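Given these sequences and hints, build the entire structure.
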Amino acid sequence: MRRRLSPGRVVAWAYLVIVLVVTIFPFYWIVRTALSNNYAMATDPSSLVPVDFTVGAFKRALGLASPAEAAAQGGSAASIDLLSALRNSIVYAVLLTICTVFFSALAAFAFARLRWKGRNAVFAVLLTALMVPQVLTLLPNFVLIKDLGLLNSFGGMILPTAFFSAFNIFFLRQFMLGLSNEIEEAAIIDGAGPLRVCFRIVLPMSAAPIATLALLTFINTWNDYLWPLLVTNDDTVRPLTLALAVFKQSSPQAALDWAGLMAATLVAALPMLLLFVAFGRRLVNSIGFTGLK
Amino acid sequence: MVVTTREKTLRAATTAPPPKKKRRSAAHRNDAPIAWLLIAPALAGFAVFFAYPTLRGLYLSFTEFHVLTEPRWIGLGNFRELFGDATFWHSLLVTIYFVTLSVVLGILVSLVTAVILHRLAVSATVRGLMILPFLISGVVTALVWSWMLDPQLGIVNVLITKLTGEPVLFFGSGGWAVPTLAGLNVWKSMGYNAVLIFAGLQTIPATIYEAGRIDGASELQMFRRLTVPLLRPILVMVVVLTVISSFQIFDIVQVTTKGGPADASKVLQMYIYDKAFGQFDFGYAATMSLALFVLLAAVTFAQLRMARADESDTN
Numbered sequence: 001m002r003r004r005l006s007p008g009r010v011v012a013w014a015y016l017v018i019v020l021v022v023t024i025f026p027f028y029w030i031v032r033t034a035l036s037n038n039y040a041m042a043t044d045p046s047s048l049v050p051v052d053f054t055v056g057a058f059k060r061a062l063g064l065a066s067p068a069e070a071a072a073q074g075g076s077a078a079s080i081d082l083l084s085a086l087r088n089s090i091v092y093a094v095l096l097t098i099c100t101v102f103f104s105a106l107a108a109f110a111f112a113r114l115r116w117k118g119r120n121a122v123f124a125v126l127l128t129a130l131m132v133p134q135v136l137t138l139l140p141n142f143v144l145i146k147d148l149g150l151l152n153s154f155g156g157m158i159l160p161t162a163f164f165s166a167f168n169i170f171f172l173r174q175f176m177l178g179l180s181n182e183i184e185e186a187a188i189i190d191g192a193g194p195l196r197v198c199f200r201i202v203l204p205m206s207a208a209p210i211a212t213l214a215l216l217t218f219i220n221t222w223n224d225y226l227w228p229l230l231v232t233n234d235d236t237v238r239p240l241t242l243a244l245a246v247f248k249q250s251s252p253q254a255a256l257d258w259a260g261l262m263a264a265t266l267v268a269a270l271p272m273l274l275l276f277v278a279f280g281r282r283l284v285n286s287i288g289f290t291g292l293k
Numbered sequence: 001m002v003v004t005t006r007e008k009t010l011r012a013a014t015t016a017p018p019p020k021k022k023r024r025s026a027a028h029r030n031d032a033p034i035a036w037l038l039i040a041p042a043l044a045g046f047a048v049f050f051a052y053p054t055l056r057g058l059y060l061s062f063t064e065f066h067v068l069t070e071p072r073w074i075g076l077g078n079f080r081e082l083f084g085d086a087t088f089w090h091s092l093l094v095t096i097y098f099v100t101l102s103v104v105l106g107i108l109v110s111l112v113t114a115v116i117l118h119r120l121a122v123s124a125t126v127r128g129l130m131i132l133p134f135l136i137s138g139v140v141t142a143l144v145w146s147w148m149l150d151p152q153l154g155i156v157n158v159l160i161t162k163l164t165g166e167p168v169l170f171f172g173s174g175g176w177a178v179p180t181l182a183g184l185n186v187w188k189s190m191g192y193n194a195v196l197i198f199a200g201l202q203t204i205p206a207t208i209y210e211a212g213r214i215d216g217a218s219e220l221q222m223f224r225r226l227t228v229p230l231l232r233p234i235l236v237m238v239v240v241l242t243v244i245s246s247f248q249i250f251d252i253v254q255v256t257t258k259g260g261p262a263d264a265s266k267v268l269q270m271y272i273y274d275k276a277f278g279q280f281d282f283g284y285a286a287t288m289s290l291a292l293f294v295l296l297a298a299v300t301f302a303q304l305r306m307a308r309a310d311e312s313d314t315n
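Same order as they appear, the protein sequences are chains F and R.
To convert, note that position 77 of the first sequence is 77 in our numbering; the numbers rise steadily by one, no gaps.
To convert, note that position 70 of the second sequence is 70 in our numbering; the numbers rise steadily by one, no gaps.
Don't read these hints as lab results, they were simulated from the structure.
Because the structure is a prediction, the values reported are computed rather than measured.
Don't take each hint at face value.
Now the stretches of chain R that chain F is said to cover, found in silico as 3 or more residues with beta-carbon under 8 Å [said to hold, decoys possible]: (1) 36-48; (2) 130-136; (3) 288-299.
So these bits of chain R aren't anywhere near chain F, every CB distance computed over 10 Å [claimed, not checked]: (4) HIS90; (5) LEU111; (6) GLY191; (7) PHE282; (8) ALA285; (9) MET306.
From the three backbone atoms N, C-alpha and C, an ideal C-beta is built for every residue, glycine too.
Okay, here's the thing in structure tokens:
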């Protein structure tokens, strides 16, 4: 089964290796920088291993380093309240994921498994949301959240997308349409009502796509930047993405604490990397699915 | 407990004839009340945070509105301002430049990558690694690349300086800013698109390639004559998705260049944000949002039309 090593294959492999290196190298560089001494790094900027290995940058990022210690390693005066930002990101992403997936699942069940007048018309109306990009609703939603007095609160951050996601409903409905009727009918004959059918039969049978959706929603929310930027204005609710950007923008470009910033970046990216290790296969498959709908 | 009692009353109220005798799925006939109950949250979310803001956005684009005071109707005033606004047209061009670079470069690299992944039968782990950049936020992408491209200490510029003696100001020079941002955009989405295209490739039966090989076609010929035409639907989708997301690019621009230097990378979404939250000119910002939306709709529609016309050609 050994394949010939034609010139074409060599070129193809070379191309693939280059693409992989460009894809992966920045992640390595985050780790390498985060474990370096920010002062010493300037003397050897192209070193492939951490310069003057230290975990000082993580201490600074987490607010554990004393000012003297921070100054000795080239940390800047600007600090980043990473722990509260981390907490905010977790609250924001978990709350939103639970709400939007739960309510989408209920709606998807009603659209896929129940018979009622107007079902298709209502579904078509909801689907129009798939065609309108965020630009159009962003500013009016900000004004709405401001009028409701929900600026700078978790409520304001999650409310616009907590109850309704056209993509989630569409995705789950497609799956539920494909479930066989038999178990459901047996349950109905045994006297189960639609709600029992929903919670005891159809939702458990849809556990796999629900998990995939939860994963995708969590990733998107964790990485969201623009909406939190509009509706938050201090550390009490500000998520990690914003805290990082604020830290970078408030430090002077010439004396930026790159090691500290990369340590904070690593903390911000870590949950995603862990999800990737745990669910990488499911993620890759879900991308394939969304493409082939 | 609460759910079960509620469930019982609901069932009692809705299933008038006991369902025992009915042995058909027609037992679902009286589902309407429960169905409306189940979709109520989604409907409310749709009405309050989608339909209403969309209509309000349309209305605001005809007003002068500075958030703290009531909107004042000024008819087509904002649209007139739009046509004479040089910065708007400039940022429109910048956006189109950015989108074009992102689409051409992004599709080319991800298509070639997907085909190579497929033809070399590389393991799924490699495909998994490819989507890593898709998982991290635009902010993290922007931060790590502004570090790697830093003029003094960034690894890329250290290497460039060794070769040419002079660093490249990737974010700091007018000529480089947009291509660099497009590069970041491509880096972030390339793996995701490659996996999408890869999924499409898997649906092409291997026998087609065997037939091609028997007819003496080279790899390149098969790529052009078999792979690309058969992949057309999925390629169109990837292009449309890339166009839509690139037109609305914001986070990587805001974190790196903030639209600079001297507006060189001021994409539309950046300008809208500046107008709304820098100058509190919400009415005008709403008008520009509407313009961006109309533009997006037109481009998407044109792409889908073109794709369909081509499809009938090849089949």
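Hint-by-hint comparison with the structure:
no. : hint    : in the structure
1   : 36-48   : holds (count 10)
2   : 130-136 : holds (count 6)
3   : 288-299 : holds (count 6)
4   : HIS90   : holds, 18 Å
5   : LEU111  : holds, 12 Å
6   : GLY191  : violated, 6 Å
7   : PHE282  : violated, 6 Å
8   : ALA285  : violated, 6 Å
9   : MET306  : holds, 18 Å
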